[in-house]
Amino acid sequence: MWQGFPIRPDQASTIARGVDHLYYFLTAVDLFFTALIFLAIFYLAIKYRRRSEQIKATQVEGSLPLEVIWTIIPLGICAVTFLWGSSLFIRNSRPPEAATEIFVVGKQWMWKLQHPEGPMEINELHVPVRRPIKLTMTSEDVIHNFYVPAFRVQKDVVPGMYTSIWFEATSTGRYHFFCNQYCGTNHAVMGGYVIVMSPDDYEQWLSGGIRGESMVSAGAKLYEQLACITCHGTGKGPPFVNLFGSQVKLTDGTTVTADEAYIRESILYPSVKIVAGYQPLMPTYKGQVTEEQILQLLAYIKSLSSGGVSQSSKPTSYPPSLEGGGQGAGNQNAGGQQSPANVPVPPGP
Amino acid sequence: MGGGREGNHEMGTAVVEPGIESRVHYLNASYGIKSWLLTTDHKRIAMLYLASITFFFFIGGAAAVLMRLNLISPQGALLEPATYNKLFSMHGIIMVFFFLIPSIPAVLGNFLVPLMIGARDLAFPRLNLLSWYVFMVGGLFTLYAVIAGGVDTGWTFYTPLSTTYANTNVISAALGVFIAGFSSILTGLNFVVTIHKMRAPGLTWFRLPLFLWAIYATSIIQILGTPVLAITLTLVALERVFHVGVFDPAVGGDPILFQHLFWFYSHPAVYIMILPSMGVISELVTAFSKKRIFGYSFIAFSSVAIAVISFLVWGHHMFVAGQSIYAGIVFSVLSFLVAIPSAVKVFNWTATLYKGSVSYQAPMLYALGFIGLFTMGGLTGLFLATLAVDAHVHGTYFVVGHFHYIMVGGAVMGYLGGIHYWWPKISGRMYPDGWARLSAAIIFIGFNLTFFPQYMLGYLGMPRRYAVYAPEFQVLNVMSSAGASILGVGYLIPLVYMVWSMRYGPVAGPNPWGAKGLEWQTPSPPPTENFEETPKVTEEAYAYGTEETQVA
Amino acid sequence: MWVFLATEVMFFGGLFTAYIIYRNFYLSAFEAGSRLLNVKIGAANTAVLLCSSLTMALGVRAAQLGKKKLLVTFLVLTLLLGLAFIGIKLGLEWRHDYLEGFAPGVNWTFHGPDWRHLELFFCFYFFLTGIHALHMLIGVGILTTLIIMAGRGRFSPQRYNPVEVSGLYWHFVDIVWIFLYPLLYLIGGRY
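If you read the protein sequences in the order shown, they are chains A, B and C.
Numbered by my numbering, the letters in the first sequence go through residues 1 to 349 in order.
Numbered by my numbering, the letters in the second sequence go through residues 1 to 552 in order.
Numbered by my numbering, the letters in the third sequence go through residues 1 to 191 in order.
No lab work stands behind these hints: they were computed from the structure.
Small disclaimer: the values here were computed from a predicted structure and weren't measured.
Here a beta-carbon is modelled for each residue, glycine too, at the ideal position from N, C-alpha and C.
Mixed in with the good hints, there may be bad ones.
[Said to hold, decoys possible] Here are the computed lysine-lysine pairs in the DSSO-like style, where the Cα-Cα straight-line distance is at most 27 Å:
1) Lys273/A to Lys286/A
2) Lys249/A to Lys236/A
3) Lys56/A to Lys536/B
4) Lys221/A to Lys286/A
5) Lys221/A to Lys236/A
6) Lys286/A to Lys236/A
7) Lys112/A to Lys47/A
8) Lys56/A to Lys355/B
9) Lys47/A to Lys355/B
[To be verified] Per the computed footprint, the stretches of chain B lying under chain A, defined by three or more beta-carbons under 8 Å from a beta-carbon of chain A, are:
10) 287 to 298
11) 319 to 330
12) 341 to 351
Same shape as in the complex, but just chain A:
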């Protein structure tokens, strides 16, 4: 505004300008009514100041028309704001189909960001510009929050479940990200930078940087190392081909969707849901796999489904019983079928 005094962060994502416009509208409404009230008070309090004890106030009874007007107008403004805000929010919560998925694990007091192609970053996130990116996140300990002011997005990062956000950066540069849910002593220093690069620079960075294997191949290795193959590859356990995103029938007669939450739960708490036609033989891997390894296994299992692409249109995995449904457009389970014994995301035994 004046002298370069900032009133808003950089507009570095596709949604930033939309959010800012809504914000300006709200600011205008706020300032307008605040000024209105202040001025009204000044005017009335001065015009009707007590000039002497003899002059009496005129008792005014109240006015129904006025009451109606100043109920309806605020109601109208609220309705407009609500509709504008929710539609923007709904749009901002649904990642586009082809979003690149990056996996984030937060823990006290650092961030681990895992690219599907392999590189793992600590407290820094390199992304290409003008490409939709979906972050699927979980925490290893307490609730954190991944917040990028320049992109106008944030989401709590909760232990025991996956949450996700998406963004599409519109200009290159370095943008702060912060942990935005108080998480203990070093909460204030648990942040870093999102580094948005041109697509060429990004490819270069990918190939040059800290290279691990791709998540899918790491997952495939784990599939063998952890002996999953001995059951799931022999028929003793349900097969993984085309599993991700499909409907799974359980022994108690209910049906669930095989999403990220279901697979994570099956790895850590296998006895909670048994697939119909199979025995409860699977041992738990709790304590033997890290969150990152679970994400790698997830990537591998996803790669075995038709299309091999993650269900990127599903915004968030959260306990179905606490959710109204928001499953996203691309998912077969649109509408959120609720079965009574639908155990939610990984809070486990």
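Dock chains B and C against chain A, hints included.
Then chains B and C, alone, in the frame of chain A:
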């Protein structure tokens, strides 16, 4: 005169004009510590609360001063992060549970409810005293937590941080809050029964002063909401001790459940903090413009509407917590709805000034300041109810600015206005109005300087609860801290002149403001039994202009 | 008292809500836990409490009619039934669960599949019945006071409000049990 300061019971008679001491009233009816600590007189109990919450206010305030000093520099000018984290947690716990929630109900409510309805005392005087003791026990547990090294979970005790990872005095702090909650419940219970059952003849519901409507609505919230907090904190304590897995996902629990349970109380709680203050404003605006309130029934029904809707909006604290979009939409709609009755009130108060006879003593300055600041703060609530904007500003200083505008610019100013307005009734003395107006002005200026920059910081992306911060946020932080120092001075001055006035202030008559209301029909300070004989009410509330109002 | 009971509804309501939510999450574990409880003893306790509500109501009636001896008799009966309830709950059920190794935090020995969810069920079981028992103990205290007062002839047909109000409290504690019993004992999938 018996004093209100804890540990400072001036038991001797003051050197005053004859008249005030030749009469027996609630302050000099009996002397001695026992007569105060075992009193069942609602007025004395109100004074006990006054002393206690003033004490807690300054402790919470001291924490705030240290916090703002630390935030002058991006690297933290003063404190280790661990200490800072404890300070903001304790600032929140003390200010919310031991200052704001009791403030107006326990001090002004206790004092005024029987007086305003023409009764001798509350329905359950001994329960009232028990409420204070319960409050003090809760306060002691919390103070213990402070002294024993503090608690650093934030006043919101989010799990699993509070149940599993924090190694500070979570249980003592939670226990302190739990116990204080009973005080809140019992006080609310007392008020509801009193207002239902003990009104003077002729005092129908729609002749009640709006302060009582506000207290009634607040009491409903206190009664229904506080038990849920009690059970939630108990579960947290249990989990901390037994590690069973109610809220910790590592052992099978759900951290989001905690948030639902916690906010189910804590959102209505914020209305416990603001509704009584709104009630005070209704009294002040009418008394200082010598006018009936504009739209009485609208304000009365708005209070009730706010109380009811307040129970339906808790999810707006969780828009980015991982709950579903649909839940977010529902809570967003309801949160917009809860704003409407408040807007109606603001317009009605302003309209009351029209064709009035307005004077500018300190209480009125506080009231007018409230209306303006509450408008701005309340409207920033709309920002937070708007899903797409909240997705950006949740957890930032924008939220901090919003709730401080309501709580400090709103509730505290209403409280101070009420204290000033009823001070002559409470103490029999007038405070020096010049100093009072000066303080009101200093508070207004200091307040805005402290908290307006925080809106901007929030939108720029500065998270809250940060002991250190990114350098680009420094300018606004320094502005905010400068404002805080002015605000602190503004709060200290009334402490001085109010105490001074208890001994040296000019004696006040029964009705120094010429105001309507039963409380002004009895001497200042009132006798222990409040009224010589039960008054009969024949006129509407705020019936200015119907007859000569006696100015004493 | 009605207002106070409203707060109690919210208090227990919060606990019930949490229980129901977790039951929804972990149905099989909670059903298993429920089956581990002794339905017969629970039923006996239910009968005990229902009788105590009857004797309490009869006591209130006796107070209304000014019949002092009858009042004291009924109050004493209510007290004894209340104590019986607590004795059965703590002495029989809790002790049994503790000895069998189903007491979370103090003596938990079961480590089969899904044991953490089972432990959660028992946590709720002990907490819910414990808070209920605490309220009963308070009720026992109230009854004792009433008995002493009634013995001293403090109640009359004109002044028996404390008896009636205490009766309300007692009935409420009974009603909470009426909810607890099925929720904890009966929906274990065995019926």
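Hint-by-hint comparison with the structure:
{"no.": "1", "hint": "Lys273/A to Lys286/A", "in the structure": "16 Å, holds"}
{"no.": "2", "hint": "Lys249/A to Lys236/A", "in the structure": "16 Å, holds"}
{"no.": "3", "hint": "Lys56/A to Lys536/B", "in the structure": "26 Å, holds"}
{"no.": "4", "hint": "Lys221/A to Lys286/A", "in the structure": "18 Å, holds"}
{"no.": "5", "hint": "Lys221/A to Lys236/A", "in the structure": "20 Å, holds"}
{"no.": "6", "hint": "Lys286/A to Lys236/A", "in the structure": "21 Å, holds"}
{"no.": "7", "hint": "Lys112/A to Lys47/A", "in the structure": "64 Å, violated"}
{"no.": "8", "hint": "Lys56/A to Lys355/B", "in the structure": "9 Å, holds"}
{"no.": "9", "hint": "Lys47/A to Lys355/B", "in the structure": "8 Å, holds"}
{"no.": "10", "hint": "287 to 298", "in the structure": "holds (count 8)"}
{"no.": "11", "hint": "319 to 330", "in the structure": "holds (count 11)"}
{"no.": "12", "hint": "341 to 351", "in the structure": "holds (count 7)"}
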